[in-house]
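Asks: Listed here are the chains, written in short residue letters.
Protein chains: 2
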Amino acid sequence: MEKYKVKFIPDNLTVSVEKDKTILAAAISAGIYINSNCGGDGICGRCKVMVQHGQVNSQPNGIITAQERKENIYLACLTTVHSDLDVLIPDSSRINFDKLTPEELEERLSGLYSKAEDVLTVKPKFDDKVFKHSPFATKIYLELPAPTLNDSISDLERLYRALRKFGEFPVIETGLFNIRQLGELLRDYDWKVTVTLGRRDEIVEIVLIEPGDTTGRNFGLCFDIGTTTISGQLVNLNSKKILGTKAAYNQQAAFGSDVITRIVYAAKSDGLEKLHNAVSDTMNQIIKDLVSAHKVDLNNVNCIVCSGNTTMVHLFLNMDPSHIRRQPYVPTANFIPVLRAAEAGININPRGLLNCVPGVSSYVGGDTTAGILSSGIYQKEDPCILIDIGTNGEIVLGNRDFLVACAASAGPAFEGIDLLSEMLKAGIIDRAGKIKAQGKRIRSTDNGKEFVICFKEEIQAQADIVINEADIENLKRSKGAIYSACSILVKHLNLEFTDIHKIFIAGGFGTYLDIEKAIGIGLLPDLPRSKFIFIGNSSLAGAREVLLSSQAKSMADALALKITYFELSVNPGYMEEYSQALFFPHTDLTKFPTVRF
Amino acid sequence: MEKYKVKFIPDNLTVSVEKDKTILAAAISAGIYINSNCGGDGICGRCKVMVQHGQVNSQPNGIITAQERKENIYLACLTTVHSDLDVLIPDSSRINFDKLTPEELEERLSGLYSKAEDVLTVKPKFDDKVFKHSPFATKIYLELPAPTLNDSISDLERLYRALRKFGEFPVIETGLFNIRQLGELLRDYDWKVTVTLGRRDEIVEIVLIEPGDTTGRNFGLCFDIGTTTISGQLVNLNSKKILGTKAAYNQQAAFGSDVITRIVYAAKSDGLEKLHNAVSDTMNQIIKDLVSAHKVDLNNVNCIVCSGNTTMVHLFLNMDPSHIRRQPYVPTANFIPVLRAAEAGININPRGLLNCVPGVSSYVGGDTTAGILSSGIYQKEDPCILIDIGTNGEIVLGNRDFLVACAASAGPAFEGIDLLSEMLKAGIIDRAGKIKAQGKRIRSTDNGKEFVICFKEEIQAQADIVINEADIENLKRSKGAIYSACSILVKHLNLEFTDIHKIFIAGGFGTYLDIEKAIGIGLLPDLPRSKFIFIGNSSLAGAREVLLSSQAKSMADALALKITYFELSVNPGYMEEYSQALFFPHTDLTKFPTVRF
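Chains L and Z supply the protein sequences, listed in that same order. For the first sequence, counting from 1, position 440 maps to 440 in the numbering used here; every step adds exactly one. For the second sequence, counting from 1, position 328 maps to 925 in the numbering used here; every step adds exactly one.
Think of the hints as simulated: they come from the structure by calculation, not from any bench. Careful: at least some of the hints might be erroneous.
Said to hold, decoys possible - Below, computed lysine to aspartate or glutamate pairings styled on EDC-like, alpha-carbon distance capped at 16 Å: (1) LYS562/L with GLU754/Z; (2) LYS1031/Z with GLU1047/Z; (3) LYS268/L with GLU781/Z; (4) LYS434/L with GLU473/L.
Sequences are here, hints too, so could you generate the full structure?
Replies: So this is what it looks like as structure tokens:
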């Protein structure tokens, strides 16, 4: 196969590509991200480039004007390489990950979550359930018999006939993009091609047809889209191996720290667009880092599965989230059809598919469904609790017969738990969270008293590190919300905490929570410590299961339908339960018999 | 509907037509061909008629003079029937096929053809088959219950729940475009919306969601994409009524008159693009004319079904046709998945769907499948023949048990049949097609002899109208190809022509072919005249059936799989058959017992 050099300007990056590859594909392999909202179908018109030198072949389209044609402006997705090229990519056609410089971005990425990969790989195997390996995207290598006068079915039907030998596909769909290149591809490569099949709900789509045997290169991504943090994993879909994990702050944080402020922001002019861009930019940066670290070509990343709370999924897909916060709290969709990743602005293979783990309601999203899936509580005989501690806390109580879920506004304040527990034990604060001790570390401020953890001289810092009564109050409310939610759920089902078989603790915070101290402040119920199991990012783990198995996908769908949403705020007992939990560890100390001061 | 009798003079032919039909339409249904170069738009002024008795309603125009008005002279295309009429058609307004050059003739035919609607509506109902009315796109008006705290499923699931009350939809798909606008749309319009459902093979797509009840506005298009002529119809999908029919030359003709030259042209730089643009431009112009004439909003045109020969479909969809003409003659695809019309450059509702009637092989395309469907020969007990006479001739022999199809290169030369038959009878040409007579109308030229039909002085023309031996040779080959193909097919199935129950003659030319003369020159076999049935544009009619019924679509799919392609060129007997048919009417006169000279 002839190869040509394509130089991208002003990047001054040159890649060698095969004749007839599109300029878009060449740019992706050069690591340059061109807008391609429509997935390379020549519809969105956002991938305009100027060919400054060399020969190309371009498919007709209604987007390029006569004037642009004169200026050698083409759509990168519809234009193929026919000689060495110099291609100018204007800024308007580029994807801007961030307003940050690369150095600034890198700095941000090396934050708290750099350990996420280790956390996930050491996660205990708490269940024996095994879903059959049947990934979202599958590659099949085909050696087709060449047509003869006696076997002259068309190229596409020849492909289908060969595919059907590999299994029952209820409906196979193929886009025009792939059909258009089929005739030449089959003949140029001696009828040997690799077909990438993607599952679109109950049908199967031919996502890609590539020359030769590329079955060894089949990668996918799973993402947990959290309100504060977004975590992604690059997975080898053949071996199920996790190649890498990367997390970053959700750039949406610039527009508000919780889902409600973001929903409000989304209603502003361009607000939704900005929030959408923030999340897709964050994800694209994670993807870029993962594929470059693991030397994977973006064109070989064929699919992505995301889980997130309902608001995050709406913002990610550019869907109006406003009704999530208005009575009767109805989202636009809990079940999102399989889409092209490009439709959500995600840069993988331009035809790659996107699946979102289905949610249950406005405040119990796909992240909870994914957590239930990966924790396996839906298979247990005895009732279990799943607590996902994040910016939003979700609590699920259930077993193989029932699943009830509720949402508790938590907040990003759980870093201070160890300290708080120690302050409580030491008598620095009382059970209401008020600073009672006196001394040089206790100071009065406009925001109430504060406790100096470290004086700046002790650590050569710019300022003292302090915790004040407002911080403690926030933490108290968060822990109270979680505890009282668990308590109400248990009562709602006529159970006692002692009936609970296991408590699964999930979430970014969940992985470095000290159980003893969490019980000490009353975040978790006072139960035998062996009942608590940390399961890390269960949302990400569930998304990965869906990525790797269509059985897991079907199970996630079934779970989202099965889960009952329990609205705490309308429960008459909730406010009392919550008020009682606004003490350390609780107003009623008999509930915490093992906690000693 | 009121009906009136229209008598044409001096033909003395009377037809019964509905009130408000044009005189032009009435003439066509009477089998009288009036000049209508402009396609009935009241522009060319060539269809003047004199109303000798009765009441008409005529649109004003700048062509009829005051004097003519006094004499009750009207343009047939702009004048509608309001009582029983006597109408005189002067010679100057008639198409006299014998006196026209092929160019003039074709020019006039395009005008005529635009009235195919009328031809189709008077088409004999030759079969009782009725497909259930279930159009490609269906609109359903929904009044959804507003959500409450006790019924808080998401907007999309609420829509699906309501839809499922209307029927079993195996898989419903909705694009992100529609989901994104759903929340606001439902609330702004009090939960009252109209959903347009499109059938994408075995799944159902929500193509559009509109506010309020728009079920009354649901239109579709069907097209026959011919090598020479493209015909389209605008159809009300609710009432099945054909609102209008329009035909135009395929602008691809500028790049070659037959499929082979176009396939060759497609291989040139930008060739495929130019051919694709030519066909989509032609179709878009027809669509524009139809929707503006019938005051239909393009956004209410939700789907289109096309049938055409395999090369035309490839070029229309911008698919490389090159392998169609290379052994072993394999197209890229015979079954094209349902696409968006926009993907093929067709301007209807931007989300509207496109379906192509499936083809059988490189040389038996979807137009043949559509013809078999609309002719109903696949349901007959006794064997029938379908001859589609166009730039490409296709012949099908079959019944409810079998269907065998072959392709015969025909060519656009059948205009001269009447003339040729008369020349043969008059002894001007011999049975080999050579001009034998002598006299002032016979001249020798570089291209052999020519016969002067009209001297320019006789008709005040710029040049004499002639037919030469090369023209006759072309026609002889075309008729020989059709006849010998029929003959070989019949033999191949161990039948005789006398076993044939009916011969359906389809195609633009098929509608005004004189059976007696066609048999006289040996184009059609010498069978009882009652066996021949003209069915007009059967490809367009089949496309319309697919547009209006999913049962017809399933039947078309089944037929395309059932039809056996028969390659004439590899049949050992074909060359001999063909050679024998290269005489008028045939080498073997015993095959034409009723033909007398």
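Asks: If a hint holds in the structure, say so; if it doesn't, say that too.
Replies: Results for each hint:
| no. | hint | result |
| --- | --- | --- |
| 1 | LYS562/L with GLU754/Z | holds (15 Å) |
| 2 | LYS1031/Z with GLU1047/Z | holds (10 Å) |
| 3 | LYS268/L with GLU781/Z | holds (15 Å) |
| 4 | LYS434/L with GLU473/L | holds (9 Å) |
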